[in-house]
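Undergrad: As you go down the protein sequences, you meet chains A and B in turn. With the working numbering, letter number 84 in the first sequence gets 84, and the count goes up by one each step, no holes. With the working numbering, letter number 87 in the second sequence gets 87, and the count goes up by one each step, no holes.
In short, the hints are calculated from the structure, not lab data. Even for Gly, the Cβ is constructed at its ideal location relative to N, Cα and C. Mixed in with the good hints there might be a few duds.
Quick list of the computed label-pair ranges, beta carbon to beta carbon [what the hints assert, rightly or not]:
id, chain 1, residue 1, chain 2, residue 2, range
1, B, Pro67, A, Ala312, 42 to 48 Å
2, A, Gly352, B, Leu56, 51 to 57 Å
3, A, Ala177, B, Gln28, 27 to 33 Å
4, B, Gly77, A, Thr155, 41 to 47 Å
5, A, Asp235, B, Gln28, 48 to 54 Å
6, B, Val57, A, Asp235, 51 to 57 Å
7, B, Gln115, A, Arg273, 18 to 24 Å
8, B, Pro67, A, Ser188, 31 to 37 Å
9, B, Glu70, A, Pro263, 42 to 48 Å
10, B, Glu70, A, Asp235, 44 to 50 Å
Among the chain A residues that face chain B by a calculated CB cut under 8 Å, a handful are [unchecked claim]:
id, residue
11, Gly54
12, Asp57
13, Arg227
14, Leu232
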Amino acid sequence: MPQQDASRAIAAVWRLESTRLIAALVRIVRDVGFAEDLAQEALVAALAQWPAAGIPDNPAAWLMTTAKRRAVDQFRQAERRDRSYAVIGREQGGEMVDDDVAATVINAMDHVEDDVLRLMFICCHPALTIDAQTTLTLKLVGGLITKEIARSFLTSEATVAQRVVRAKRTLAEAGGALEEPDGAARASRLAAVLSVVYLLFNEGYSATGGDDWMRPALCAEALRLGRILGALQPDNSEVHGLSALMELQSARTRARSGPDGTPILLLDQDRSRWDRTHLRRGLAELARAEALCKQPGNYQLQAAIAACHGRAPTAADTDWARIAELYEQLARLGGSPVVELNRAVALSMAYGPATGLTLVDQLVDLPALRNYHLLPSVRGDLLFKLGRHAEARAEFERAATLTKHTRERAMLLNRAAACAEPG
Amino acid sequence: MRFMSFIKSDESMPWGPPPPALFEAMGQFAKEGYENGTLVEQGGLGASGQGAIVSLVDNTITVLDGPFTEAKELIGGYAVTEVRTKEEAIELGRRLLQIHLDNWPGWQGSCEIRQLFADDGAPAT
Chain A
1 MPQQDASRAI AAVWRLESTR LIAALVRIVR DVGFAEDLAQ EALVAALAQW
51 PAAGIPDNPA AWLMTTAKRR AVDQFRQAER RDRSYAVIGR EQGGEMVDDD
101 VAATVINAMD HVEDDVLRLM FICCHPALTI DAQTTLTLKL VGGLITKEIA
151 RSFLTSEATV AQRVVRAKRT LAEAGGALEE PDGAARASRL AAVLSVVYLL
201 FNEGYSATGG DDWMRPALCA EALRLGRILG ALQPDNSEVH GLSALMELQS
251 ARTRARSGPD GTPILLLDQD RSRWDRTHLR RGLAELARAE ALCKQPGNYQ
301 LQAAIAACHG RAPTAADTDW ARIAELYEQL ARLGGSPVVE LNRAVALSMA
351 YGPATGLTLV DQLVDLPALR NYHLLPSVRG DLLFKLGRHA EARAEFERAA
401 TLTKHTRERA MLLNRAAACA EPG
Chain B
1 MRFMSFIKSD ESMPWGPPPP ALFEAMGQFA KEGYENGTLV EQGGLGASGQ
51 GAIVSLVDNT ITVLDGPFTE AKELIGGYAV TEVRTKEEAI ELGRRLLQIH
101 LDNWPGWQGS CEIRQLFADD GAPAT
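With the hints as extra help, turn the sequences into a complete structure.
TA: Written as structure tokens, this is what we have:
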């Protein structure tokens with residue numbers, strides 16, 4: 001095999017296997033940094049041997065065997081100088097120096113699904129900052145290299161590398177960080193995992209236009225993590241709810257900006273450009289969530305709202321009454337004032353601008369929305385529809401001063417100017 | 001990147017029917033695919049005797065009912081995968097054939113791997 005083909009093939013194997021490899025090694029050596037080093041060493045060995053010998057029939061087992069042999073070597077060295085390592089070395093050594101390596105590898109691969117979930121839990125440990133959680137998740141679970149992570153977050157490789165080092169130290173110092181949480185702690189950790197996945201998705205999704213390939217890749221990675229979680233936690237409705245939400249939003253990716261990168265609002269999008277595969281998968285995931293749970297959680301409700309849009313052949317077909325109802329349920333879960341603002345929009349679409357305005361007027365004095373440009377923007381729109389043009393104009397102008405986006409400011413000032421026109 | 005892979009072989013199965021071990025190994029492979037996020041969906045195709053080919057030759061449309069005895073390799077199943085490089089899709093195809101090699105003595109065939117594109121000609125994501 002030519003050298004270049006071989007290294008690309010090895011990179012592919014690495015991408016497919018690194019998560020499970022690192023996850024299983026974390027269980028065996030009980031140290032995230034050490035596990036990652038061992039996995040890297042196995043990769044280096046593969047790069048040295050596979051181009052000549054060919055890719056083994058079972059590359060996952062080969063990598064695992066190699067990494068475990070390195071672990072045994074290191075344990076043996078460490079045994080002489082480090083007592084704590086020696087304890088682990090003795091506990092694990094019997095298994096690892098077993099001549100029947102194939103059997104132990106199969107054994108190690110047996111619990112691998114649990115390992116991957118545990119690795120996700122570790123990456124989202126509460127002692128870590130949210131930046132550290134997202135970075136570690138991309139690195140250890142996503143198998144992304146530092147350069148790719150830096151590009152995703154528009155930051156430098158040095159920053160990412162340092163973040164990883166610090167995160168590993170935090171985990172080592174946190175004590176028991178590698179233990180799998182149970183009970184209420186498990187539920188809240190799973191929630192942390194879900195929010196990291198959704199954060200990654202939004203990081204990719206919120207960047208419109210541009211030719212940066214890493215942003216769409218981030219969305220794809222989040223979707224993949226969502227699918228993994230769905231397979232690992234099939235009975236959790238929020239896991240499926242999150243997948244549904246991300247799939248339904250992904251369906252709109254190509255329709256949400258014009259050729260010059262101008263954002264196109266949901267109701268103005270050409271729905272024939274929505275991706276049917278994502279849409280179908282999103283609706284299927286939502287159905288799965290709904291079958292599991294009659295008391296929907298946050299992601300399931302957001303997905304249900306996205307599904308109302310996804311099911312409507314045209315914007316005019318949108319079931320706004322249902323959307324308003326879903327926003328009300330979201331608000332009851334402790335939604336933010338932004339949820340209430342969205343509910344007001346849905347109410348106005350379902351029952352007329354006056355109904356929406358009644359709710360918006362109750363939100364005007366909320367501190368959380370004081371500098372939120374969409375509040376005056378929505379209020380201006382409703383006032384305009386009610387014929388109260390002078391008040392609408394003032395609201396659009398106020399919204400224009402609050403937004404940070406140039407294109408949006410221009411759009412708002414246009415609307416303000418239109419209020420002055422007769423008719 | 002989304003790929004669709006087709007598994008193709010001689011429908012008459014001169015090497016005999018698939019042994020139970022194959023189904024078990026394929027089931028495990030699919031489970032792994034769902035758990036590592038690469039497998040999006042998969043499905044098997046019925047025998048060509050249950051299908052038909054509609055063709056247009058020399059301005060004439062004809063319908064040929066199955067079985068398609070003349071074709072050497074027919075599609076038996078498909079999978080849609082979501083991977084990051086073509087090499088990953090190839091590696092998954094290689095593993096699929098490895099499973100056949102390990103569990104179905106004498107089997108011969110191929111796995112055709114094709115990237116999926118969206119309506120506007122952009123790669124499907």
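Undergrad: For each hint, tell me whether it holds in the structure or not.
TA: A quick look at each hint next to the structure:
no. : hint                              : result
1   : Pro67(B) - Ala312(A): 42 to 48 Å  : 44 Å, holds
2   : Gly352(A) - Leu56(B): 51 to 57 Å  : 54 Å, holds
3   : Ala177(A) - Gln28(B): 27 to 33 Å  : 32 Å, holds
4   : Gly77(B) - Thr155(A): 41 to 47 Å  : 44 Å, holds
5   : Asp235(A) - Gln28(B): 48 to 54 Å  : 21 Å, violated
6   : Val57(B) - Asp235(A): 51 to 57 Å  : 53 Å, holds
7   : Gln115(B) - Arg273(A): 18 to 24 Å : 19 Å, holds
8   : Pro67(B) - Ser188(A): 31 to 37 Å  : 58 Å, violated
9   : Glu70(B) - Pro263(A): 42 to 48 Å  : 54 Å, violated
10  : Glu70(B) - Asp235(A): 44 to 50 Å  : 49 Å, holds
11  : Gly54                             : 11 Å, violated
12  : Asp57                             : 6 Å, holds
13  : Arg227                            : 4 Å, holds
14  : Leu232                            : 6 Å, holds
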